[in-house]
Structures are given as structure tokens and as C-alpha cells.
Amino acid sequence: MNLDSNSVYETIENVKTDIQTVSSKDELEQFRLKYLVRKGIIQQMFEGIKSASPDERPQLGKALNELRQTAQKLFDEKKQELEQSKTLTRDKLDLTIPGRRRSVGTKHPVTQALDDMTNIFKSMGFAVALGPEIEDDFHNFEALNFPPDHPARDMQDTFFLDQTALLRTHTSPVQVRVMMNQRPPIRHVMPGRVYRNEAISARSYCMFHQLEGLAVDENITFAELKGTLAIFAKKFFGSSVKYVFRPSFFPFTEPSAEMDISCFLCKGKGCRVCKHTGWLEILGCGMVDPNVFKAVGYDPEKVTGYAFGMGIDRTALLLYGIDDIRMLYENDVRLLNQFA
Amino acid sequence: MNISFNWLQDYITIHESPEEIAGRLTMAGLEVEAIRSTRETYANFVVGKVRDVRQHPNADRLTVCDVYDGKQTHTVVCGAPNVATGQKIVFARVGSVVPANGMHVKEVEIRGQKSAGMICSEYELDLGEDHEGILVLSDDAEPGKQFSEYYWNGDVVFEIGITPNRPDCLSHIGVARDIAALYKRPLRIPKIKLSESRKPVKSALTIDIQDKEHCPRYVGRLIEGVTIGESPDWMQRRLKMIGVRPINAVVDVTNYVMMEYGQPLHAFDFDLIHNGKIVVRLANDGEKFVTLDEKERTLTKNNLLICDAKQPVALAGVMGGMNSEINNETTSVLIESAYFAPSSVRHTSRQLGLVTESSYRFERGVDPSRTAEAADRAVQLIQQLTGGTMYRGRVDAYPKKIKPINIPFRNKQVERVLGIAIPASSVKSILKRLGVEVKESKKKGEWRCVVPTYRPDIEREIDLVEEIVRVYGFDNVPAQETAAIRFTADDVRPGIHERIREWFVGAGYNEVVCNSMVPGTWNIFTGKPAVTVNNPQNQDMTDLRTSLIPGMLQVVGHNMNRGNHSLRLYEIGHIFSHDPFPGSKNYIQNYHEGETIAIMLTGARNPEDWSLKDATYDFYDLKGEVESLESKFNLDKIEYNIYNTNSNTLIDEAVGIEFKGISRGYFGKVSKEVLKSFDIEVDVYAAEIDLELFSEFSHVEKKYSEVPKYPPVHRDLAFILDEKVTYHELDQIVRESGQPLVDNVSFFDIYRDDKIGNDKKSIAISLEMLSKEKTLTQPEIEETLSRIVKAVEKNLGGVLRS
Ligand SMILES: [Zn+2]
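First to last, the protein sequences are chains A and B. Final position of the first sequence in the numbering used here is 340; the numbers increase by one with none missing. Final position of the second sequence in the numbering used here is 1802; the numbers increase by one with none missing.
The following block holds chain A by itself, in its conformation from the complex (with noise of 0.2 Å):
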């Protein structure tokens, strides 16, 4: 036999080839016979080395040794293997059975469209800010440009706790904190629960989340308003998406703008949750109202400022398509679950 040592490691990868069709008793003999034993592919190399030139004979045998070696070892291991799924599963493994799996953790749809949010606007240079749920009428309103019997205090029907607390009914009290704690400029996201003395039903809830933005300092306007909020629709809506800024009132902004955003379930066709319209109201927004800036004593003639505010649960159950605002509330783990 002619014996060199490209062929000895030719036959070394036939072993592993081997080795790896071989799933029973059976097989594995076969394998054994085939290289093993004493009349086995090996042992006949072995004695090829005796016609192989002086020089090219250490090469060889230490060739040799390792492919003897190699077999002997994916024959061990291929034993114990099939020794180990027979008490397992007698001849094999039935792939089909679920394996043992841990629960996956969820965290709830509105925080998941919440951080979705607040992560967005961090890319934007925006840090988070939080405030206390229960808040005064300062803060929460007058500060915000609510005076006492204004009309505007009817659009937030509102718990009280006693002559001045109350449970906040926006996230905008954050922006008076935020703004009396430091001085521009001021860019933050104020994630947080607010409360409303709302008939509870399938549309509405005594209680939802809300997102507030606001940006103070010497040159923000309007555009930059528009843009921002465009970018962030994009990014959280998709890069499709249309939107329109509409004039509105909010009592601590002026101008006020509601955004809307074309429709993402119908893609602006018109459909039963749009109201046909092909438009979704997503967010209030606009300029920081002189007012508010003297109640937490900016100068208006120096700064301006841009904010917004948009409502989390509505969005969500909108995004995932949940019918009943209720719902998100009961906390089913077979809905939570879907939210992995």
C-alpha cells in the first residue's frame, strides 16, 4: 500500500463523517469493525508504514496516532451518547416535544408604548423627568395659566382631595417643576399617570398615562416644534407616516396645535377607528405662553419655549389593536403575555 500522510488525514475527516450518520448499536458497531479492530482501515495504515521511506516515517506515524486516536475518541463519545438517550428516550430523541422552558417576562403595553416613546425623544436629546401624582391647584393649574373660574378648567374634569389637592390631571405640573428646579436651557420627557373624573366605558378610563415634552431656551419656535414632533412620528409610527397641525387651545400654550397622524390602520383610506376621516389625533402641543413663564419666573422677552402632551393608553390600545381601554387594566396574563 502506498502510504503518505495526505491520505492518513483524508481519512481523518472521513472519521468524523462517519461518526456523525452513526445514531445506533448498530451503526456504531459497524463503525467499529469498519476502523477499530484489528483488521480495520487503521491497523492496515499502520503496517503501510514499513514500505514508506526512512525519512517520512515519523511523520506518518504520528499522523497515524492521531487519527488512531481521533476514532478511538468519537467512538467513546458516540457510545456514551447512545447509552445516555437510551434511559432518555430509549432510541432517540423525539424533537417534537416542547423543551423545558422558563415563562417569558412581559412588561405591560402602556409601559412598553411609554418607553417606546420616552426613548425616542431621549435620542433627541431629551432627559426624563418625573413629579408627584398628587399635585395642587398651583401646579396644576393656575401656574399653567388656568385662573380660578376659567371656563378652560372644565376640559379636565378633575378628583380633588381637599380645597387645593388634587390627582394631577396631566403630566404638564412636571413642566412648573421642572422649570422653578433649574433654569434653561431645559429639554425633558415627563412620563406619568393622570387622573380624570371620566365616566368609565370602553373609550375612556379614570385614570391613563401621558407623555409630556418641553423645550426652553433662547431660539426654540414653532418649526422647530413641527419638526421635532414630525421626527418623532416617523420614528415611532413609521417613516410613511402623514401628519397636520391643527390650531387648538390649551390654556398654557399659545399657539396651540393638535397633531393629527394619517391613519396607520387604514393608511389614510378611512376606517371605523379613524372615523373615517383617515386621520388620528395623536397630540396637543405649542408655544410655552408667556404666563407660565412669569408664574415660574422666566422672562418671556428672553426665552421661548415649545411643549407637548399626548395621551399613552389610547395610543396603545390603538397600535396593538385592544378594543376596550378596560382591558388594559384587568391585566389577563393572556393579553400581557402577548406583549413578550
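What the hints contain is simulated information worked out from the structure, not anything from laboratory work. Take the hints with a grain of salt, since some may be wrong.
[Unchecked claim] BS3-like, lysine-lysine: derived pairs with alpha carbons at most 25 Å apart:
| id | chain 1 | residue 1 | chain 2 | residue 2 |
| --- | --- | --- | --- | --- |
| 1 | A | Lys302 | B | Lys1444 |
| 2 | B | Lys1412 | A | Lys294 |
| 3 | A | Lys302 | B | Lys1443 |
| 4 | A | Lys302 | B | Lys1412 |
We have chain A already, so just place chain B with the ligand on it with the hints.
For chain B with the ligand alone, kept in the frame of chain A given last:
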């Protein structure tokens, strides 16, 4: 606010479709929330002619009619007593939907007689209350004509959501005025021509305003010889179209003028006004007054009253009184048109819980310059509708003149706020179209703007900027997608909430979100003084939660009822109390608020793993979760103590979590009584931990300590100990006596049986020994082990189990 599209066209010429106008209004801040078209509401309702009426063969009270609808004749069963041959009626074809009740008109069989369509009553058409008889139309009605055209002239109603700053648009003229400004078209205000008698009004009526702050202006007009009857069809239709119920001609006129001008009016029966005298004054505390809705109201000194020489006759701007209302015998009418201070009307309206069309407009601000004009318009219409003779002139008490305000305006502010320069000529044109008079000022770059009195919302320069961009169009301001940001030092790394949630998600928990408003009974469990809501929505939401656990138990109960038995839940949320608690902050006096994290485990430990299916959660699972969470956030020196459950009865045998001497939370098995109140019959394990522990004390900075170079050696030992010896004690002794080689001690088993003996237990531990300098030798290991065994024997009376 409902606005009729046809009515609008009294004041402005419109070529555009309703949809187009609605879109433009919406883009100018008058959001048209819905468009209701009579053509849609009354689709398939046509004028019909009754050609024949026969007795129904099988029913005494029914008739069978042949109705011609302009194309063909239908056989219809009718139950109305007043149906007769030759009548013109409203015929609902098969396929139509009845406006009053949403019923679909189908071909049916009534007592063996086919009926294809319906002859309609006023009620069914949503035109009035009468549902006994059918509505009979005038003879000239042409069969086949669409009812929407015949009756409504194809009108369309806009439902406009008027924001609180736009009282000027709470009327048809107001909306027309905005359309005129947007489309640069002239506005046609009705020209009022009065035919007055020679009798001067001042001879019969005096007005005495005693409180000019609350009532700056009060106009009175008189008309006598009036006969009270129904208002004509054209007026009734207009009122019905926008949802106002017709009452009688005089009252209808006051409503009509209010919807036309936005000025609320009140009509008194002048014969019931003592001495022809009107006095405007504040009420006395405790004064009683019966309003038109027949309710007796107790007033305070903040409520403004309209009185005659003897008694109150109206709650100013809110509602008239029973004692002077227009009735069928009324012949003389006093028309009141006034300007009341918005805050005064709002105060009274809120105090009495009485919101009317009138109070709604006054509290937002009516136009003090049109007070007299509205009164003139009203008497003109009353005379036109009911006859009667007008007194000459009006009494116009105007002690506190309201002048248009004058605002300095710098055009550069437009660019500063909007980020886009609008040419001065365009700005001026917009302002003029809005009725703002623009005058040059001595100061350079500044104008003086005189704002009409119907726009009380425009008080400042910024309000003018808003008006300019509203008309200019928000769409025409570019969206600037670049910004020059001044950087701040604020931390924008993931916040503690996000990092904690990340851990829970990785650990396989479902996050729940529960209501913060809870029934009072839930707060009894925690013993913390609870914050209560003054105006709760119902009995289940009277308090603010003092713990997250009860809310989560409700979630557990809810899930159990739906067959979800294995639960692994967490919540992060605010809790509240009147007393301070660890981690609470005191933002608002008397209220303390903090955030906690709650964990809840029940049912199968891991339902997803079939090899562990039967294992259910126990105390040590919960403790392990708490420990893992704490180690994830590098909280050292946490101590677990027996938690005092005297006040907090949520948990049985609770373990307290103590950090630097302050209790930061607790955990354990939820007590049976508490579970019972939530109808839960299985064990539930719960923990609640103050979030501040993580936000304030978690080590954020990471520091590497050297990983041992030489492999550790593991040895297991089991000791038989008295029951009273704790694992903690054993652990400490082993660590001390095992120095310096013992690097770690871990628990691996606890075992009890008769052979060991009563009050005894066997605890098995695993030791990890290593040296930083070298590989350990067998003698070194043996020596350490025997030292440990002796120490345990000596200090704890423990015996090594062989
Ligand atoms: Zn849609």
C-alpha cells in the same frame, strides 16, 4: 355647537361644499367634529300621497293604505287614526332607517296583510313628540320629492367643538365671520328696521344696576299686545335643525337670536314685573329663589340676581324664574339683553350645578358691543311673528363701558415665536380681516392693534401671533428638522425604572398596571392613614392605595376566575398616605407619596417546564426572587428581620427588609383573611419594596476584584442541629472557623426524620475553599474541615452527620 349650513348663508355667500368649508374651519381651529346631512338622515324618505284608505280585514285599529311615492303605489298598513285619502304625508320607503329609533323599514306582513313602507309621525322623523298621528303635509307638497329637500332644503349641520377661548363662535354670525375672514368675503349682518310706537320705553321701565362689576351692561326693550302661539315653520325648522326644541314664538325668538348673535336673551312677562322696575343686585346669603325648572335654589351673596320692585325674577345669566316666565296669557314682553361678568356667571352656574346655553355663553364672554342690537333684533322678530306694539327706544344701562383693547404689536415677534417671517403686509391683511384695527405707532417696528370686543381671548401680543398663524395656516410653517441644542448635564442613561423592569422581564414576570384609586376596605390591611378622594366616582374608588398588593390580589383573583392559575407578577407604582413612610416624599402639604415595587407569586413554579410541573411556589422562591433582585442592583448590607405585622396585616409571618436601619419593605405569604376577601383559595406570596432603595443606594459604579488563579475545592458537610439553631448562625460559625481558606458557604439541603430525633434537623452545606497563592493540599483541607466541625460542635452543639 351645532351650526346649520343653510342658516350660515344668511350672512355670507358660500360656493364651496359643506365638506370643504368644514375642512377649512377645522384647519383654522374650529374643529368640525361631525357633519350631519339631512340627505343621509332622511335617505329614502319622500313626500307621498295617500290614494286610498281601507279597513284592515283582521284588525280594527289598523288601516291598509295605498301610498303613491311619485313613481309607484305601495300598500302600507297604518295604525294612525288621522290617516285619510288625499293626504300628503311623509313616506318611508323599504330600506330606510327611522331617525328617532334607528329601526330599519322592511317589507313585512301585519296580521296577514303585506306592508311595504311606512307613513311617518312627527316623532319618528325626530321632529317632535307627537307619535299618535301621522304628520300631514300641506297640499302643495309634491309626491316623490325627497323629504330632506322638501322640509330641510337639503341642509347640513356641523357639530363644531368650540374651544373655551372662542365664545365669538358660539353663534351663526360668529362662525360666518370667521369664514369671511378665511375666504376674504364680506359678511352680511341683518339690517334691523323697527316700527316703534310713540310710547317711550322709559315711561314704563326703569333699570337699576346696583352692582356694575358683575353687570356692566343691561338693555331692556318692551313690546305689548303680543299673542303667544307657535312660531312659524321656518323658525321651528332652523331651531330643530340645530337641536333646539321650539316652545312658543317669544321663547323661540330669544333662542333664535342667541343662536344668531351669540347673545343670550331672557323674556319676562312684563305684567308680572312689579312697578316696571328691574334691579340688578347680589343675593343675600340664604335667599331662596325658584328657577324655571321648578327647583327652589338657596343662594349666597356671590350670586347675581335680577329683581323687580318686590322680588327676584331671574338668576342673572343662568336661568329665569317661575314667577315671571312667558305663559299663554302673556301680552307684554320685556326682553333682557345684558353683559354679565364671566366669572360671576360661572361661579353661580357651578355653585348650583346649573349649566344652560345662556350661562355657557356668558361665562366664556359675550360681545358687550352688540347687547342693544340683539335686543332690537328680538323685538323685531317678536313683532313680525306675533304682532304687538313696540315701545319707542330701549333702556340701556351701561355703567361700566367696555372698550376695545389696544395692544402694542411687534411684527418681529412672529418670526421669534414661529420661526418664519411673514411679510408685514400679509400680517396686516390677516389682522384686518379678523376685525383688528391696525394703527401705526411712534415706536419703530411696532403697531397698535385695536381688538374687537367680541374677541375677549385676544389680550396680548402673543394672542395676535396666534391669530396670525391660525389664519396664515399651520401648514405654511415649515417643519424644521434640525435644532441647535445647548447640551445639558442631565443623565440620559436608562433610568432606574427601566433597569428594574429589564430585570423583571428577564426573570419571566408579567407587569401589571392597577388603578391607584381603591375601596377604603383595602387600606385597612396596611394600617397606613389613607388619602381619600373628595369626589370619588364610586364606592370602589374612594381612597388612594397605600400598598400595591391589594390591587395585585384583585388581578390574581381575576386571572384565577379565567383559569390562569400560575402567576408571576410585578408592578411598579405610586402609593400614598397622610403619614410619611420610607421613600416617601412630601411634595404637597399633608400628603406623602412614594413609589414601590411589588412582586406576587402563586401557582406552579414553572408551568412551562414539564419536568417541574408539580412544584408550586413557596416562601423560599419568593425570598430568592427578592435576593436576586437585590444582588442585581448591588445592594449590600440588606438585613432580613421578623416584620411586625401588628399594623400591616397583609402578610403572615412577614420578613422585613432592612437597609441601614430603615425598613424598606417586607415579604411573605399573604394572610388567609386577606385572600378570603379576594375570593382566592390558594397560597399567594407577595413582596413590596420601596423603589428609593434602588434609585438611591444601588451601586452604579462597577469595580473589578481579582478572580482567583487557583481552582477552588468543594466539600459538603451535614450537621445535625437543634431546631432552634438557625441557618444564619451555622453559616456564620462555618465562615469564621473556616478562615482563611473558606471562601463561600452555601446551603443545599434541610432534612428531618425520626432517626435524627425530635426537635432536630440536618442541614447540609457546601464549602468552597481556595487560596490565592497555591493549589490546596489534602492535609490543609482536612485540617480546615476538622476545625469547622469542632467549632460547630462547640458553639451550636451540632454533630457531623456521617
Ligand atoms: Zn383609519
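Evaluated hints:
Straight-line distance between C-alpha atoms of Lys302/A and Lys1444/B comes to about 20 Å, which keeps the hinted pair within the 25 Å bound. Between Lys1412/B and Lys294/A, the direct Cα distance comes to roughly 21 Å. Compliance with the 25 Å bound is thereby established for this hinted pair. In summary, the hint linking Lys302/A to Lys1443/B is supported, as the alpha carbons are separated by about 20 Å, within the 25 Å threshold. Under the criterion of a C-alpha separation no larger than 25 Å, the hint pairing Lys302/A with Lys1412/B is consistent with the structure, at around 14 Å.
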